[in-house]
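Based on the hints, put chains B, C and D with the ligands in the right spot on chain A.
Residue numbers (our numbering), protein chains in the order written: chain A, 1 to 344; chain B, 1 to 344; chain C, 1 to 613; chain D, 1 to 613.
Derived from the structure by calculation, the hints contain no laboratory data.
Note that beta-carbon positions come from the ideal geometry of N, C-alpha and C, so glycine has one too.
Possibly wrong hints are sitting among the right ones.
[To be verified] The calculated BS3-like cross-link candidates involving lysine-lysine, where the alpha carbons are at most 25 angstroms apart (straight line), are:
1. B:K49 / B:K186
2. D:K231 / B:K344
3. A:K344 / C:K11
[To be verified] Chain D residues, not near chain B, derived (Cβ > 12 angstroms throughout):
4. G57
5. I96
6. G102
7. I610
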Amino acid sequence: MSEHAIDAPQPKLTKKDFTSDQMVRWCPGCGDYAILSAIQNALPQIPEKKEDFVFISGIGCAARFPYYMSTYGFHTIHGRAPAVATGVKLANPKLNVWEITGDGDALAIGGNHFIHVLRRNIDINILLFNNEIYGLTKGQYSPTSRFGQVTKSTPMGGIERPFSAGELALAAGGTFFARTIDTNPKLMTQIFVESSQHQGTSLIEILQNCVIFNDNAHAAVTRKDHKDDFQLHLEHGKPMLFGKEKDKGLRLNGFKLEVVSIGENGDQENDILVHDANETDTIIHHMLIRMSPPDFPMALGIIRAVKAPTYDQLVEQQYQQSLEKASFQSVDELLRSGNTWEVK
Amino acid sequence: MSEHAIDAPQPKLTKKDFTSDQMVRWCPGCGDYAILSAIQNALPQIPEKKEDFVFISGIGCAARFPYYMSTYGFHTIHGRAPAVATGVKLANPKLNVWEITGDGDALAIGGNHFIHVLRRNIDINILLFNNEIYGLTKGQYSPTSRFGQVTKSTPMGGIERPFSAGELALAAGGTFFARTIDTNPKLMTQIFVESSQHQGTSLIEILQNCVIFNDNAHAAVTRKDHKDDFQLHLEHGKPMLFGKEKDKGLRLNGFKLEVVSIGENGDQENDILVHDANETDTIIHHMLIRMSPPDFPMALGIIRAVKAPTYDQLVEQQYQQSLEKASFQSVDELLRSGNTWEVK
Amino acid sequence: MSKTMPVELDKVVIRFAGDSGDGMQLTGSQFTYTSAMLGNDLATFPDFPAEIRAPQGTVEGVSGFQVQIGKIDIYTPGDLADILIAMNPAALRSNINWVRKGGNIILDTDYFQDRNIKKAGYKTNPMEDGSLDDYKIIEAPITSLTKTALKGIELDNKSIIRCKNMFALGMMYWLFDRSKDETIKFLESKFRKKPVLVEANKKALNAGYNYAITIRAIASNYKIPAAKIEKGIYRHISGNQASAWGLLAAAEKVGRKLFYGSYPITPASDILHELTKYKNLGVITLQAEDEIAAVCSAIGASYAGQLGVTASAGPGIALKGEAIGLAIMAEIPLIIIDVQRGGPSTGLPTKTEQADLNLVLYGRNSDSPCIVIAPSTPANCFEYIFQAARLSIEHMTPVIFLSDGYLANGSEPWKLPSMADLPEINAPQFKGSEQEFQPYLRDPKKMSRYWVVPGMAGLEHRLGGLEKEDITGNISYDPENHQKMIDIRADKVKAVANFIPEQQVIGATSGELLLVGWGSTYGSMLSAVKELEKEGVKIGLAHINYLNPLPKNLGTILGAYNKVLVCELNSGQLANYLRHLFPEYRYLQLNKVQGLPFKITEIKEKIKSILNN
Amino acid sequence: MSKTMPVELDKVVIRFAGDSGDGMQLTGSQFTYTSAMLGNDLATFPDFPAEIRAPQGTVEGVSGFQVQIGKIDIYTPGDLADILIAMNPAALRSNINWVRKGGNIILDTDYFQDRNIKKAGYKTNPMEDGSLDDYKIIEAPITSLTKTALKGIELDNKSIIRCKNMFALGMMYWLFDRSKDETIKFLESKFRKKPVLVEANKKALNAGYNYAITIRAIASNYKIPAAKIEKGIYRHISGNQASAWGLLAAAEKVGRKLFYGSYPITPASDILHELTKYKNLGVITLQAEDEIAAVCSAIGASYAGQLGVTASAGPGIALKGEAIGLAIMAEIPLIIIDVQRGGPSTGLPTKTEQADLNLVLYGRNSDSPCIVIAPSTPANCFEYIFQAARLSIEHMTPVIFLSDGYLANGSEPWKLPSMADLPEINAPQFKGSEQEFQPYLRDPKKMSRYWVVPGMAGLEHRLGGLEKEDITGNISYDPENHQKMIDIRADKVKAVANFIPEQQVIGATSGELLLVGWGSTYGSMLSAVKELEKEGVKIGLAHINYLNPLPKNLGTILGAYNKVLVCELNSGQLANYLRHLFPEYRYLQLNKVQGLPFKITEIKEKIKSILNN
Ligand SMILES: Cc1ncc(C[n+]2csc(CCOP(=O)(O)OP(=O)(O)O)c2C)c(N)n1
Ligand SMILES: Cc1ncc(C[n+]2csc(CCOP(=O)(O)OP(=O)(O)O)c2C)c(N)n1
Ligand code: SF4
Ligand code: SF4
Ligand SMILES: [Mg+2]
Ligand SMILES: [Mg+2]
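Chain A on its own, in the form it takes in the complex (with noise of 0.2 angstroms):
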């Protein structure tokens, strides 16, 4: 496209590469800062050039994150963002595509795009910065809040009840939903690089702690003296064992999940659930990614990764289709076909 887009073999990256110069306007103690820096951490690991990487994102806190990345990046409209970054797949499916949100962008006024996507798989990587309420505009409940969650605009409490951004994901089609959080760097940065191999729409939820309006938030999962025993930590083939010993484990009681202590009452690692992310079937997938403590660990990790066609690749299908049944190659030829008359 111009003389800048010259394919030439890039030195390898590192963080600073794609570290802006901007000043991140961020709270202290905001958890998008983690955010932001496994990012920063992940891309060197995958392997695309950097002027491939795209970051689109919303309207919010987490959406101003673009312009502390040294990448591409398009700072849009509120909640607007996944059919932006829609376009900008289908424009040029090479690229790498980054949407940024909250859950108020992602869920409250971008709720129908956020299911359109999923629903189509447009190959695009979703981080969906989940801190339970709206930031920017200083503490509103989000579609995420708890029920009865005191907030700006609920001062007697919510009234509604709270999306699972898993489980409406899964109901659109989710092709890949992961949870991680923010403060677990190392699997942040592993999922965004697992999640970047994914083919179609990665949904990746980051629970993250807004320390003005929603401090502890998720603090039933991240407390340090507890968090062995209310984060479980998926990996595909692996059964489902938590605890600082990992001693124990989740076991299916009929259609219901149930947490077991291994070795007490006769359970065994054998009895333990294996994960599968790549199921299709989206039973199990719903059923832990509804899980929550206090009665159940939250489960972290890659939840969901099934193979279907991407939107980007159909569209590239009847394009490569629609060659071969062509009458005509050119807006000249196409304008002389069909019906026709000359004037002499």
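Positioned in the frame of chain A, the structure of chains B, C and D with the ligands alone reads:
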């Protein structure tokens, strides 16, 4: 509110009482006629006053519905009927509110309001006329159109996987989901009556035939010669049997449903799943919703009906609580509360 | 087939009307196509109901098609029909006002029994109650004659009756001395896979033709000689098709693929249907989940280097305002097509109107200027959307293209351009070094940014909707910078005036009265001016295609006349707009908001009343 | 505590500036409240960053609060501050331009070390490089003194440092001869549950007060005598709060519940936060999923008989256009509050602007007129939104209320009205019989439909967005009916002019120059006119609150002057609007689009330059 709002015992209403004087302008043969008739039959069975019924619709062929009812009605704008209906119900919770919507209206432009109204569980009834096509705009595919379907906007076949209204509803926290079909007036009427009794958002998906742009879309379920084999009429507390002789049933095999023939292979009626619409867990409801021919029958009837507080009830509850705590009873008192000073 | 000598006419207006299911649109277009092949100039306009297929026999279900053909320049489908063919009482009732007194009306008498007369809302039979006395009525039992003609053909009754439109068309072919050949070819190709239908339709067509000869309903038939038309290859084209094709041409010219993100809505959907056929030309069409997603996907595509386009009608355009503001701020190309229809709100979805000018000029938060262009005939949608694309790309800013239902569905013969003759479109490329690059550097003349897109190494940068610092594009809340950027965005759009043609004037270039109009009123206004000219009244006509910015010489033109009359199908939006841009002049107005185009006579009368004052 | 005699001042402008986390908003409002209690007239304006809490010590993270207090009528928070208190170098840097030459600047010297100076973007230390020579600098180690004062208190270091704002406030209280009592009461109530915080903050406050006495930084302290203010009970109120309360008052008056459907957005969100507190008054607030749902829920509520209201800022208002069109068509009450902010697109979200006038007048498809009202001071938001509700209900049509960031967040003392003194609001009730009822029957004077809502027996009917037949409200595609309804909707809004007050003129009622403005520019324009009057220059001021329709006498007023100057915080939207409504006059313009209000001096200079021409 006016001299007309006087409470008075009303004579028993009949279908005619619900028929407006406006000419019905759907295409001859359209499935919408049967739905209209079923509603007009259902309303007299619902113990409400005629003036308390309100029909709110979006835009589409389906959405012309309110004009043909002699109740209060509001034909609003495309996709936004859930939001308008929310305002109506909150403003006057005594009203019996029906939302009329098409698959495009509800799941394309209106997708976000659709999931949010279900999440809030506001006490309205949604009739979703699913003809898997945009009727009024003359035949483009809709979010429920089949993968590969050829329409005006997909001459080479559609490349989007369809939404399942029921699955989305469950993921959004839906408390009531039923499915019925325009070829079965009795079932429709019965479900409409029952859904009006559910407290919370009742979603009723109606498989509707658009003779002009998507004729026979539901033929796999409705064709006279095999409909008994492909329709499972669910009833709460009853085993899931179907077939002309009720000789087929559904059974669980591990995590999957399977169709069995009673008697064959030693399968007994006892193995057959019993329908529990009231189960709060969504897993089996998800499975039932997802079934479709040719491998499975289509589940019709009330698939899910669970209790949960409705948004309108919670609003009322907070209102009552606020009355108890209130330190002022009027605007005059409010103005003079807190920090004021007097200039003399 | 003995023939009397046909009578020659300069032009004639024909109107076909029947139930939505009667195939009147097809009948009309066949007649049109055949006439075009004969070298007539012509213009057409279909008139649909808002319902897909309202109950048979009702006024609400009537579908109409009007065509004017002639040997002299035809600019509109005509005010009133010289001949109406009405397939049932409802068609008669809803179309009688469109027939000139003294005109001919062909009725299918088979449908004039009580039931259908009542369904149409008539109290008495119009064939008997004298209400048609002002017209020449030709009674033809079209349906039963069709049945008779098709006796023996292996088709169910319904399918046989469906052929009655071909019978009617046959009658018209004889009346206007047209050959049936093109229609026969058409039938053979359309029903390729069902030979019985080819046979049936051909039989009906021939039967109608012969019946017309036999009854000689009209003393003789008519001949409309070929128009004096520029040499070249022609085709028949509607505004929506021309818009679609103009986009294809622009994309090919600039060497970018076309991305079309849209949500269906009457009367814009046909552009989607059309473009989706040309995947082989690299077009990507996305039927988005709503209008907002549609425009945003187009923005994304433009951001990534394709030509991003979206389209809708008024209600959908209203939804796109916020996103258009983003494209204005990000300064990227974007074309927004508004195929206007009757409003407000859902309004009259299948009728035409020009009432979105305010919306597209002002319907965004804050000062957010946008280029606005309106085509003025179905065929010139091609040319003007091409220009819209050129300006959007070369000036890196959104362009709104204001079509309407009348242009979109109307059609006319179109002399095919050759791609080589179309102007170049040069995407603004950054030619400096990586070090020199800044996202808000500008081309000095056009003030456009450079179109630097993801994938270009070394030029990575960030865009967004927050106010940007001049040159660097970084977020800036600085007051002076904000003023500067507000001014730059305004000046940039104003500067477009240097890159568009001057306003042309038709007729008198100064004097008593200037007519000003825009968009689809062109045909009627031009006709009015030409007709008055023949009557010895000379006035000027400035019909505007470039609405924002306006052509640089417009002010001077306005000043050259004693009076200015602004004609619009709205309540006076262009007139008000001119009042702010050229407050030094007074403006008279002719406005009509009826979901219908102007009649030529309406304009002429208004002009005369002004001139006689 | 020996005191010198304080010096009396007519008015003084004080600006507090510090990090977002430094509590400057609280400091400012405490100072304001105390001053109000002393009987000063005053006006305030907070100046937030767009980020919640950008990095400490950076210019981007600075939060400011300006207040003007005085004994004479105060109409604005003042052009430039007489005294600035800057808690760190960044606060100094971003606020220095808001201090008049010769003014006082109090600096917390503890923060003027290298690291913080650099963070603020200074190359050299401003305390040393001479750049502050034009100002009187008062150096105070506020932070360390606070620490010293709080030694021994059981609090972590961070919490102790947080008390420094009270130290600063204490200093100001001494300087301006104010009592600390109200603030002490406030602290005792605010930290009711944490006595240690009460103690710490009180200590800091006292320490600051005493420190100011000790250093006598300013030769003596100042007294600003009480203003001559009308008798009555007062409170301090911001524009957003006044808007919220005005709605409560209107709902109570008309006897309907208030329904507020909204989606959060700066600077409108506080109305939601405010209204949600008054559930006991029957208010229902719905935080909708987006702006479209918000307005639609309000439409639903109005349709069902409540007073439906929605609010947003520009980007959200752009999204509501389609739905507002529905309410126009359905002819039901609806209030849309637009708290304008800097644009276009996301723009400058925390800054003020008046650039949505075009959007609210025209941002809907087709001809869809809407009543538009703008308040002009924080407190009169109460009065004008009450009027908005009255007109919306009595005329059965949407009203757009154009507030802005400056009004919304600014505040002033407000004399409390009594509900009994507010005008009646009469919902148009249908009084005829069931048989006589038709949905589009109208009140003959107001042309309003009747507010007949679901639940009323025997009056069932259907509304919708398709064009309706006059009287019956049935769907109608009839061309003449469409024209009629387009005209009725326009006339209905025009008729509102008969039900609003005439335009008032301040100052000269004819002569050389008329100033015209609208909305939040009132204070600056009025001040300019008053100051010029003192200088012997007499001009008129017509500040408009009713924008559509305009007051009936406005044309006459405009004609009474030789020149008209329209002042706006946009690129000339009102000026253009006047050009179409009153094309017979010429308009001069003063425009500023910097995210900031006018300075009084800017207006005065412009006036002088016109008068000297
Ligand atoms: C159209 C529009 N509506 C509303 C807003 C105001 N707004 C900005 S961000 C936001 C929500 C932020 O919440 P979330 O997406 O959870 O992001 P966070 O700030 O928590 O990271 C809202 C309501 C806007 N900018 N644009
Ligand atoms: C804002 C807006 N966008 C688009 C349209 C055009 N439109 C009208 S109905 C419709 C879809 C109809 O499909 P569906 O909801 O499935 O209803 P059906 O006609 O099939 O009953 C569309 C796209 C519109 N009226 N308004
Ligand atoms: S408000 Fe919350 S989410 Fe936003 S930057 Fe601050 S801590 Fe982070
Ligand atoms: S187009 Fe289809 S859905 Fe619409 S009225 Fe006709 S048959 Fe029914
Ligand atoms: Mg959030
Ligand atoms: Mg449909």
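Hints, one by one, checked against the model:
1. B:K49 / B:K186: Roughly 23 angstroms separates the two Cα atoms, so the pair holds.
2. D:K231 / B:K344: 5 angstroms, holds
3. A:K344 / C:K11: Distance ~21 angstroms between K344 of chain A and K11 of chain C Cα, so the pair holds.
4. G57: Given a closest Cβ separation of 34 angstroms, the condition holds.
5. I96: 33 angstroms, holds
6. G102: 33 angstroms, holds
7. I610: Given that every Cβ of chain B is farther than 12 angstroms from that of I610 of chain D, nearest at about 39 angstroms, it holds.
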